[in-house]
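Trainee: Following the hints, put chain B in place on chain A, whose structure we already have.
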Amino acid sequence: MAVNTLRKGKGHGEGRLSAESGPLFQEHPVGSPVRGAAARQSSRGPGHSFPRGRAQALGASLSVQRVPGEHQPKLPLIPLGSGSKAQPCLAFSLQIFINNEWHDAVSKKTFPTINPATGEVICQVAEGDKADVDKAVQAAKAAFQLGSPWRRMDASHRGKLLNRLADLIERDRAYLAALETLDNGKPYAISYLVDLDMVVKCLRYFAGWSDKFHGKTIPLDGDFFCYTRHEPVGVCGQIIPWNFPLLMQAWKLGPALATGNVVVMKVAEQTPLSALYVANLIKEAGFPPGVVNIIPGYGPTAGAAISSHMDIDKVAFTGSTEVGHLIQKAAAESNLKRVTLELGGKSPNIIMSDADMDWAVDQAHFALFFNQGQCCCAGSRTYVQEDVYNEFVERSVEKAKARVVGNPFDFKTEQGPQVDEEQFKKILGYISTGQREGAKLLCGGNPAADRGYFIQPTVFGDVQDSMTIAREEIFGPVMQILKFKTIEEVIERANDSKYGLAAAVFTKDLDKANFVSQSLRAGTVWINCYDVFGAQAPFGGYKASGNGRELGEYGLEAYVEVKNVTIKIPQKNS
Amino acid sequence: LLNPRAGFTSVRLCNRKGLQYNSYICVTNIVALFRPLQIFINNEWHDSISGKKFPVFNPATEEKICEVEEGDKADVDEAVKAARKAFELGSTWRTMDASERGRLLNKLADLVERDRLILATMETVDGGKLFSTAYLMDLGACIKTLRYCAGWADKIHGRTVPMDGNFFTFTRHEPIGVCGQIIPWNFPLVMLIWKIAPALCCGNTVVVKPAEQTPLSALYMGSLIKEAGFPPGVVNIVPGFGPTAGAAISHHMDIDKVAFTGSTEVGKLIKEAAGKSNLKRVTLELGGKSPNIIFADADLDAAVEFAHIGLFYHQGQCCIAGSRIFVEEPIYDEFVRRSIERAKKYTLGDPLKPGVQQGPQIDKEQFKKILELIESGKKEGAKLECGGGPWGDKGYFIQPTVFSNVTDDMRIAKEEIFGPVQQIMKFKTVDEVIKRANNTTYGLAAAVFTKDIDKALTFAAALQAGTVWVNCYSALSAQCPFGGFKMSGNGREMGEYGLHEYTEVKTVTIKIPQKNS
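Those protein sequences? They're chains A and B, same order as listed. For the first sequence, UniProt numbering assigns the number 1 to the initial residue and increments by one for each residue that follows. For the second sequence, UniProt numbering assigns the number 1 to the initial residue and increments by one for each residue that follows.
In isolation and in its complexed conformation, chain A is listed as follows (with noise of 0.2 Å):
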């Protein structure tokens, strides 16, 4: 078997990963003695069978790390790391993933992946080019064939899949979000609670659905009975950012797998490595060879081939509107292929006098700088109401200031490199934008460290509408905050812009609550609250921020045909 196995060093848990000062392993608090028992264990030769054998020796690491328990505050012991190389044991394959198998790429090409924390090379991956998804597309067609073993399961079966992928993703919980933080550079903290929690449950969620989304019955006028079925919409070419890597994934592939349909994913450049460890999972699971296929390259390459594909049925797409633009085009101009979208965001985030400053304060501050600012529903519009307007900002600073900036795999940072050099470029460009254009800068503004991408937590005050920053997506740890002055000037500034992602207001008081959340034009309104996330709520983008929703049961809509069955019978009774 052809496994592009990277393996550097000698066992887990020991030693440094990334430049960056402090430990790289904290004291485990579970249980550090059996650090060196999962060390020896899991450091088996390259030789055994794959993938069983890999997953064992990845079980046998995790297995003392998992943590008991449903809210388990403490983290379990980082499972990368190998000596002085500082470089991860990636003990799986790197190769593009087509019909259950690992394949190099066609033209043999790979590119590095980069970890933003060092600049450096973690490794080389194969990189997949229009010719990879030209297979990849044969294999998924195949496997949706009528007869096929993925067209005949039952629904409930699809379920099961589904929820097995959840436990074994919940098995390697601890690396996978080791893998997260180091290709992408967030917290590992925030990868393990948040970003794999989420994940966990997006698919269990999405599980339950395979067998309950229901066609109807239909009171069709005349001697007919008519139904609709709700079919599967065939190859679903699915597009994935870099920014929640592994929750981006599981977004994407619980829809689409609960309803039944065949994929073909294209995972950022960025950030491949999690998804292709997921892509071992998912054969581990047991769905069929074909169904989920998984091509890791560039955008104007295999993107381009997914979106302008004409046996692609399908394009869902989450990135930048100007990428979004592009593939909505690209759908138009081959197959007309559904199109979902969810795109960029300016969101406001609404302040009111009488809202409770500290809760305020504290959300509009989580609201930004989350996952290093890389957030499309970041509030990066922060409208707060004049007579609190100064106290806001005072306190907004002071936070932004304690923010602590650093190594990922620091159990104490909040905040890590942003994703790679162009965006770290971009951000700083945009700061000397807005200082440049007139905004106060109140702290931050700089690189945050000499190597790696880390930028200081910066916030800008008395920022005007037309300003870049306030109409631009700077997808930085960037704040802007703005003053308003009364709830229908505050509407309407809000909504002068082309997205339409979020919003949110905080107030104390119902009737602006309501009113407010009634008039914003986004896809989501938080009212006394930011960045709440649940796979049951919707989520997407009215104007530029995209098409359709995710999530929640309006997110099966995107990816069934509805089937209109109509037959003559001889006569009606009700």
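Because the hints were derived from the structure by calculation, they are not lab data. Some hints here could point you the wrong way.
Stated by the list, open to error - Taking CB as the label site, the calculated pair distances span: (1) A:Y227 with B:E305: 24 to 32 Å; (2) B:I510 with A:L220: 35 to 43 Å; (3) B:C472 with A:D362: 53 to 61 Å; (4) B:C472 with A:Q571: 22 to 30 Å; (5) B:K414 with A:Q571: 25 to 33 Å; (6) A:K329 with B:E504: 43 to 51 Å; (7) A:G222 with B:V505: 31 to 39 Å; (8) B:G90 with A:L510: 19 to 27 Å; (9) B:E100 with A:H214: 22 to 30 Å; (10) B:E305 with A:Q571: 25 to 33 Å.
As the list claims (entries may be wrong) - Some chain A residues near chain B, calculated using beta-carbon distances under 10 Å: (11) Y205; (12) G208; (13) H214; (14) F225; (15) L510; (16) N514; (17) Q518; (18) G534; (19) S574.
Unchecked claim - A few chain B positions that, by computed beta-carbon distances, are all more than 10 Å from chain A: (20) Q38; (21) W45; (22) I49; (23) E63; (24) G90; (25) F241; (26) L279; (27) I331; (28) T347; (29) K368; (30) L373; (31) D409; (32) V505.
Quick reminder that beta carbons are idealized off the backbone N, C-alpha and C, glycines included.
Mentor: Frame of chain A; chain B shown alone:
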């Protein structure tokens, strides 16, 4: 495979696959499985307040298996108190995430799967059910039903409503509260799960009374419910008799809803008790005399087999039993001939033994009732084609029995026999058979066998029954609603419809300054 929990002693059933397990079970060991045998309240085990116990019998041997604490009104009161407490605002159960309720139900499914062998054994020893059937069908259905309802927990959506005027209106689907649930003896575990899974997924608390004939698997479930992590008081299980514990539930002033599966006779009592007490919500799943209509154009092999299984499955003790088989005139004789042939193939015996195809009836009362109805059939002029009497010298076994030349006015064509007694009638026209099929107080299930699309759809609409099967019978699944027209019941169980019976819809309307679409 089996761990020594819950009173296991020396059961040696390990290291064999599937159905071979049962041949290693001997009754003395089985009795050791059945612990605890008490009343389950607040995740704890209690003796009955009265100090009374009642015996549980093995219907294959008529021997006593063990004694179980006998719950009564006083015990029901205790259980209701516990359930009410678990349902208080702010309780662990009320403040729990809906998805977490789903996780608990999935956990319970895992535990049932783990202990599948033990539970299947109990169903067999206690209920006379074939071991293979219990293991494959009953336990399979239990696990799937739990997982199905687990998935619903966080998908029971209220609505926002475009009300006229300057208002914001939404609905909440709230749990009803304390639900009394009374379970029959024919599918002790499946019926238990059909009751508790939707109730729990919607967030209710329950007081369950299992049948006095078959309390063992339900009590075992008590320990699994606790192990899964349901908070104390959410599920309470009170073994006991209908006129005492059952009546206490249906008359209780602090039980918000009662769900009952059993006879139509008792169903009436339950509804009456609900009316007399606190107008608690009532769902009933009762008896049937389900028509199974075979047209001459049907696939005869399939029709004979489905008709046979549709009646003889689990010794005929199914509310859905296809107990009025209407066969179109041209194929009548052939159909009868093949049905007799099929019925004669049976091996009766100890339901634990491999190769046995029919076990005993549940108890002496049922046994006598069935024999009495067979006698009436003979007396009223039906033609006894095979069977017709008891089998063996111990246990409540009845020979597979087929009657032909049955007419609609005979008792065996009108009353629910609940035994291995098949009635085959003749019909000529579509209109005639629709009328005859619907001419009953029952309306639980019905089936039609035909290759003609018009006939199939005509019958799908015309038959007065909660479930209509076309070219199949007994096809039940957690996704499909099930329940009766007419005197076969009120309400539906399973599917999304089944959840409606376990929620109260609350409309919340808020005045707002200005409405916008």
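Trainee: All hints are to be evaluated individually against the structure, with a verdict given for each.
Mentor: Each hint tested on the structure:
1. A:Y227 with B:E305: 24 to 32 Å: About 28 Å separates the Cβ atoms of A:Y227 and B:E305, which means 24 to 32 Å holds.
2. B:I510 with A:L220: 35 to 43 Å: holds (38 Å)
3. B:C472 with A:D362: 53 to 61 Å: Check passed, 59 Å falls within 53 to 61 Å.
4. B:C472 with A:Q571: 22 to 30 Å: holds (24 Å)
5. B:K414 with A:Q571: 25 to 33 Å: holds (29 Å)
6. A:K329 with B:E504: 43 to 51 Å: Once the Cβ atoms are compared, 50 Å apart, the range 43 to 51 Å for B:E504 and A:K329 holds.
7. A:G222 with B:V505: 31 to 39 Å: Distance hint for A:G222, B:V505 holds at roughly 34 Å.
8. B:G90 with A:L510: 19 to 27 Å: Given about 22 Å between the Cβ atoms, the range holds.
9. B:E100 with A:H214: 22 to 30 Å: holds (25 Å)
10. B:E305 with A:Q571: 25 to 33 Å: holds (31 Å)
11. Y205: This interface hint holds because 7 Å falls under the 10 Å limit.
12. G208: OK, holds: A:G208 within 10 Å of chain B, min 2 Å.
13. H214: holds (7 Å)
14. F225: The hint holds - A:F225 has a Cβ within 10 Å of chain B, the shortest such distance being about 5 Å.
15. L510: holds (7 Å)
16. N514: holds (5 Å)
17. Q518: holds (5 Å)
18. G534: This interface hint holds because 8 Å falls under the 10 Å limit.
19. S574: holds (9 Å)
20. Q38: holds (29 Å)
21. W45: holds (25 Å)
22. I49: holds (36 Å)
23. E63: Holds: least Cβ distance 39 Å, greater than 10 Å.
24. G90: holds (18 Å)
25. F241: holds (37 Å)
26. L279: holds (30 Å)
27. I331: Consistent with the label, B:I331 stays out of reach of chain A, its closest Cβ about 22 Å off (over 10 Å).
28. T347: holds (32 Å)
29. K368: Answer for B:K368: holds, closest chain A Cβ roughly 41 Å.
30. L373: holds (34 Å)
31. D409: holds (27 Å)
32. V505: B:V505 is indeed farther than 10 Å from all Cβ atoms of chain A, at 18 Å.
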